[in-house]
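S.K.: Sequence:
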Amino acid sequence: MARRELATRGKKPTARRRPATRSNLPILSRRECMGWLLVAVAGLSLAGLRMHVIRLRYALGRAAREEQRLAARERAARATLAALRDPKRLAELARARGYGPPERILRVGERGPRR
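In numbering that gives the first Met the number 0, the protein residues as written are 0 to 114.
Calculated directly from the structure, the hints in this document are not laboratory data.
Treat the hints loosely; a few may be bogus.
To be verified - Pair by pair, the computed Cβ-Cβ distance ranges are: (1) Tyr-57 / Gly-97: 57 to 65 angstroms; (2) Arg-64 / Ala-41: 34 to 42 angstroms; (3) Ala-76 / Gly-97: 47 to 55 angstroms; (4) Gly-60 / Pro-101: 51 to 59 angstroms.
None of the values given here were measured: they were computed from a predicted structure.
All C-beta atoms in this analysis are idealised placements derived from N, C-alpha and C, irrespective of residue type, glycine included.
Given only the sequences and the hints, what does the whole structure look like? Please build it.
M.R.: The structure is reproduced here in structure tokens:
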């Protein structure tokens, strides 16, 4: 008898663990690989789209705040313009500067001034 047989006589055979090799891993068919690849690409695309939507929402918020700021500036400018065009204010300024009614009126037509 060989030494090996003598050493193992009367003992239960034990299963040896094999190191993980390519042969122990499940083999995926080409169709399954393409399916998993499609799932991965779809997931990454969805994540990219969601990030794009988030960026657009932040940009929209900034634009809305800018619009509100500009609308407030426009209201203030219109109020200032209305105050500057007030007839009472203009009459006071004219009196203070010595302006009066015109002494002479010249009518200008297509051919030039009439005398």
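S.K.: Are the hints correct? Go through all of them and say.
M.R.: Each hint, compared with the structure:
Between Tyr-57 and Gly-97 the C-beta distance comes to about 59 angstroms, which sits within the given range of 57 to 65 angstroms. With their beta carbons about 35 angstroms apart, Arg-64 and Ala-41 fall inside the hinted range of 34 to 42 angstroms. At about 30 angstroms, the beta-carbon gap between Ala-76 and Gly-97 misses the expected band of 47 to 55 angstroms. Taking 51 to 59 angstroms as the suggested C-beta distance range, the pair Gly-60 and Pro-101 conforms, at roughly 57 angstroms.
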